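Participant: Here the protein sequences line up with chains A and B, keeping their order. The first sequence runs 1 to 605 under the numbering used here. The second sequence runs 1 to 605 under the numbering used here.
Among these hints, one or two may not hold up.
[Claimed, not checked] Simulated DEER-style distance windows between Cβ atoms:
| # | chain 1 | residue 1 | chain 2 | residue 2 | range |
| --- | --- | --- | --- | --- | --- |
| 1 | A | Glu142 | B | Leu72 | 48 to 54 Å |
| 2 | A | Ser246 | B | Glu142 | 31 to 37 Å |
| 3 | B | Ala385 | A | Asp132 | 18 to 24 Å |
| 4 | A | Thr587 | B | Pro126 | 16 to 22 Å |
| 5 | B | Thr124 | A | Pro69 | 49 to 55 Å |
| 6 | A | Glu142 | B | Ser153 | 25 to 31 Å |
| 7 | B | Arg580 | A | Leu147 | 48 to 54 Å |
[What the hints assert, rightly or not] When the alpha-carbon atoms are kept at most 20 Å apart in a straight line, the in silico EDC-like pairs for lysine to aspartate or glutamate are as follows:
| # | chain 1 | residue 1 | chain 2 | residue 2 |
| --- | --- | --- | --- | --- |
| 8 | A | Lys579 | B | Asp7 |
| 9 | A | Lys488 | A | Glu377 |
| 10 | A | Lys514 | A | Asp482 |
| 11 | A | Lys514 | A | Glu440 |
| 12 | A | Lys579 | B | Glu110 |
| 13 | B | Lys488 | B | Glu519 |
| 14 | B | Lys579 | A | Asp87 |
| 15 | B | Lys89 | B | Glu142 |
| 16 | A | Lys603 | A | Glu440 |
| 17 | B | Lys579 | A | Glu142 |
| 18 | A | Lys55 | A | Asp87 |
| 19 | A | Lys603 | A | Glu510 |
[What the hints assert, rightly or not] Footprint (simulated), chain B over chain A, 3 or more residues, beta carbon under 8 Å:
| # | region |
| --- | --- |
| 20 | 417-428 |
| 21 | 455-465 |
| 22 | 505-512 |
| 23 | 579-592 |
It is worth saying that the hints were derived from the structure and are not from the lab. Since we're looking at a predicted model, the values are computed, not measured. Heads up, the beta-carbon is just placed ideally off N, CA and C, and yes, glycines get one too.
There are 2 protein chains.
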Amino acid sequence: MEKFNVDLQPVGRRVSVPAGESLLSAAQAAGIALIAICGGEGLCQECRVRLISGKLTPLTLVEEDSLEPADLKNGFRLACQASPLSDVKIEIPPESLTASQRLQVDGQEEAVELDPQVIPVEVTLPPPSLADLRDDLSRLREGLVSLDHFTLSIGLPVLVQFSERMRSQSWQGRLAMGRDGQVVSVLPSSLPLFGFAVDVGTTKLAAYLVNLEDGVISGRQGAMNPQIGYGEDVVSRIAYANQGESHRHTLQTRLVETLNNLLADLCAVARVTQGQVVDAVVVGNTAMHHLFAGLSVRQLGQAPYVPALTEAVVLPASQVGLALAPGANVYLPPNIAGYVGADHVSMLLATHAWEMPGVTLALDIGTNTEICLSTGERLLCCSCASGPAFEGAHIQAGMRAAPGAIERVQTIQGSLQLSTIDGQPPVGLCGSGILDVVAELLANGVIDVRGVFHKNAEGVVSTERGGAYLLVPAQKSGHHTDILVTRKDVNEIQLAKAAIRAGVEILLIEAGLKAQDIEHFIVAGAFGTYLYLPSAVRIGMFPDLPHERFHQVGNAAGIGACQMLVSRTRRAMATEILKRMEYIELTTHPQFSDTFVDMMALKRN
Amino acid sequence: MEKFNVDLQPVGRRVSVPAGESLLSAAQAAGIALIAICGGEGLCQECRVRLISGKLTPLTLVEEDSLEPADLKNGFRLACQASPLSDVKIEIPPESLTASQRLQVDGQEEAVELDPQVIPVEVTLPPPSLADLRDDLSRLREGLVSLDHFTLSIGLPVLVQFSERMRSQSWQGRLAMGRDGQVVSVLPSSLPLFGFAVDVGTTKLAAYLVNLEDGVISGRQGAMNPQIGYGEDVVSRIAYANQGESHRHTLQTRLVETLNNLLADLCAVARVTQGQVVDAVVVGNTAMHHLFAGLSVRQLGQAPYVPALTEAVVLPASQVGLALAPGANVYLPPNIAGYVGADHVSMLLATHAWEMPGVTLALDIGTNTEICLSTGERLLCCSCASGPAFEGAHIQAGMRAAPGAIERVQTIQGSLQLSTIDGQPPVGLCGSGILDVVAELLANGVIDVRGVFHKNAEGVVSTERGGAYLLVPAQKSGHHTDILVTRKDVNEIQLAKAAIRAGVEILLIEAGLKAQDIEHFIVAGAFGTYLYLPSAVRIGMFPDLPHERFHQVGNAAGIGACQMLVSRTRRAMATEILKRMEYIELTTHPQFSDTFVDMMALKRN
């Protein structure tokens, strides 16, 4: 019987189903719980999914009746009604999932001295009369001179707000003003000012609403990056954007729509109006930065991968479509290079990695892993192509960190114990789980340092493609298929860990240091938070340092963004990091290839 | 039989038709030639008109078949198919007219020393390589430093163009750069730069394409202001805008759409690309200025009528939707007051009225007439509510200056001789025609200085509403109705001329001068160009000065805008005018009422 592959996004799970099976069954086979109150009869219309690529059976009458024309145009279907006619890629919107994915908005916070870019100024002005015919702007300008604000600037959309609000507020109000004299918003007296901080990850978004007057994070919320539907990783997303200006525009607007929704949710909870959100900081890798800002990413897709710009940018929120106060700006911290972005700078700020005494190494593991080495005198960084294995891609039973993902594997009394996210029946392996499995298989002698399976070891089965480890038999998980760890899976982890460790070693070589010199080893980011450090050390992904030298710091990039919202000093530091940073290009480094090959071995070192 | 009034815009002609008559017949009855190749059978679909207000018969099958859904949604109908069911207001788009209205784009030009805000800079840069990983912006910045341009600024949309164009042009190209270092456009080497100048009148638009490198006006084109459909005069348009932000937005976008069409036409003829149009100057009265810039006009509709701003503004063309080069700005010269706008400043610049030695008076007649008196030392100005009579409104047979409008009336051998625009059969009276008629009726003793008809004079007929002069009998014009000049029409002209002359007198009083002291009397604007000076003097609208002191200068505001495109000195002068100008408020001036009443008399003085 013919079978088709169904790629379920943004969860990142792939499943093969026989022709004729509905997308709902496919999702269920993959262990992903779609809302389907009616049991797949097409009555509840809750199982909306969107076709990204491939071919499905024609629309049923039920779908024609229940889906809006705009939804139909955008490729929405009911998962219970549609079956694949080819390999397909499907987007499951968050509202169709019974459980949401785990998102990363937490990080270590610290009190930062308050010095925000936008501050409140209370004004009371005389109203116009036949004896005082000054125009509104002159009236404001002359009123502010008496308050010692001399360099007033005001965009026309804010002047509209000023003309209308001041009249309705009897010529009394609160201006949100930039330190450069720019009026950002006109508000009723004494309403507090807020800022919006965002970490735009290739996969996930973390958004924060910050009170600019006391520095408190009043709300935080995560979402998947909606660009995933147009390419899972940075490279495929750049390729999509390069197909034409409208494509680049689509990526930009879909991202901003989602950010606006996040902001609206945060504001609703905190009872804050849009006019009170007077500043924003957005961090992301260089490609996310460029796509958000509407910059060309063509040059990021071709050697030598130079960014359109590296320096910090302040741009009007309205230019990118972000729904803040009418005169609000967005601050984008500097990028270092095509594959070392503003999110890395933000992480270095939040963790102090760049300015700590002694030797500090900080990294954020992703499809590209950015690594920074601070020697106390020099700052060096590089980016290594570690691949998407730790995001669950290219791993046979891989998935993102969603309910049912195996996130921890331990050997207890000689047998492997699994923990899944939310305690759900196991669906697949997320990054920390696959790292643990490989470390445990190595420790238990199931694989050797080359990653080769010992045929006689317990749990090793032979498949069409060679040896594999049977982690969860199908009958035990309740799903269609066994959860297997294959030779290829192990090899993907070897490639990833070799790339990361080789990057670390090259930076050490450049600085004339050894791994044992590293006093602080800072691991940032979502995967970095959940990974089990002993596993990373056991396979040699991280150097064999005393445990207390490691720091798992969570989403430090997001926290750095919040700090730059409330502190101009932090923004100045970001530019100082850019100026001091030495970028080391690995692809042309004479010792990189040899180091990479050396680091393929699975061993503590 | 029931009759309905049909108000035909933007021509400005009203006609009363029996129920059941089509809009096509109504237009024909009014003497307006719509394209109707098929003779009103609904076959040619050329007679498209748009319903602004009122009720029409339901859509016919012919209309449903031939009009696009978007057109139907916007209220478009076929004039031959639709009949009024109430009094209606109809917009006739230019493409449905067989003849276009006369527009005003000519004015006296002079050579201005070239010193434009945006200039070309040729650059050649080294391409990126693995040995030179600088980002695009740093590459540009460092390349320009060697050319002595230190204060580079570049908006992100221009940086996109830079990243893409420089790669396709082998890192060689021409930058259009503002004097402040702002990059406006990235072009192939040696393409010339152009600017776009516009005079936004309440009724008409005049647009110019100017070569910034030689100062030559390469093209000029006029159009009706599409906002007319939402209110014929400034006051009704402000009222419309104040009904809500979406209304103000509609006025803004409809205006900008038309400007973009004008620009596209000018560019097509001159074979210029949008990227070559690197600067713009827009002038208009304060309300047009505010609506174009997206500013609130609420305060312009209520006493004391203060503008949102008076100072000169530079704003990104993209902010208002003007389709210029990606980084282009629009310069808006200063306004003086709520009813003395940037167009007046521009006129003063182009005519030198503000800086001429001796006593100079300059005025632009419209619904509001702006008057400036320059004494050689002081600059004074005022605005008077002269009403729309000279635009053909409030006059029974009035119309705008379109084909068939009577534009000149002379007494030759004891009888009145009429000239019409384009020599068409007479349809109605435009401003210069009604001024002439009143002057001739006065000279011929048909009316007295109070505007009262002598019942026994030849041509005087009695109507329901009193005496009137039969200018063109219906059987002679071939239209439904006689062209009559009524007592009320004469009174409208009296009110208009009294307002204008009282404004002149108040400025003279303020300066301690007499009318005979005026050495140069400058009459600008469309009506001012076509009016017959002896008629204006005969009824006392203008003082009785020697003929050679009068100067009719055409659309000086448009020419001033062109000059500000190519000369920063002219822009500086505009700000100097704002600073020096004393605005005299007439409504509260102690001598205004008496002077106004004195000036109602129709007599040379």
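Participant: Lys603 of chain A and Glu510 of chain A were given as a pair; does the straight-line alpha-carbon distance stay at or below 20 Å?
Facilitator: 24 Å, violated
Participant: If you draw a straight line from the CA of Lys579 of chain A to the CA of Asp7 of chain B, is it 20 Å or shorter?
Facilitator: The given pair, whose Cα atoms are some 68 Å apart, is violated under the 20 Å limit.
Participant: Can the restraint linking Lys488 of chain B and Glu519 of chain B be considered satisfied, given a maximum Cα separation of 20 Å?
Facilitator: 35 Å, violated
Participant: If you count the residues of the region 455-465 of chain A with a beta-carbon closer than 8 Å to a beta-carbon of chain B, do you get 3 or more?
Facilitator: violated (count 0)
Participant: Is it true that Ser246 of chain A and Glu142 of chain B lie within 31 to 37 Å of each other by Cβ?
Facilitator: 33 Å, holds
Participant: Please verify whether Lys488 of chain A and Glu377 of chain A have alpha carbons no more than 20 Å apart.
Facilitator: 42 Å, violated
Participant: Is Lys579 of chain B within 20 Å of Asp87 of chain A, Cα to Cα?
Facilitator: Since the Cα atoms of Lys579 of chain B and Asp87 of chain A sit roughly 72 Å apart, the hinted pair is violated (cutoff 20 Å).
Participant: Within 18 to 24 Å or not, the Cβ separation of Ala385 of chain B and Asp132 of chain A?
Facilitator: 22 Å, holds
Participant: Please work out if Lys55 of chain A and Asp87 of chain A have their alpha carbons no farther apart than 20 Å.
Facilitator: 7 Å, holds
Participant: Take the C-beta atom of Thr124 of chain B and the C-beta atom of Pro69 of chain A, compute their distance, and say whether it sits inside 49 to 55 Å.
Facilitator: 53 Å, holds
Participant: Within 48 to 54 Å: is that where the Cβ-Cβ distance between Arg580 of chain B and Leu147 of chain A falls?
Facilitator: 28 Å, violated
Participant: Taking beta carbons only, do three or more residues of the region 417-428 of chain A come closer than 8 Å to chain B?
Facilitator: This one is violated; 0 residues, fewer than the three required, reach chain B with a Cβ under 8 Å.
Hint violations for this structure: numbers 7, 8, 9, 10, 11, 12, 13, 14, 15, 19, 20, 21, 22, all remaining hints satisfied.
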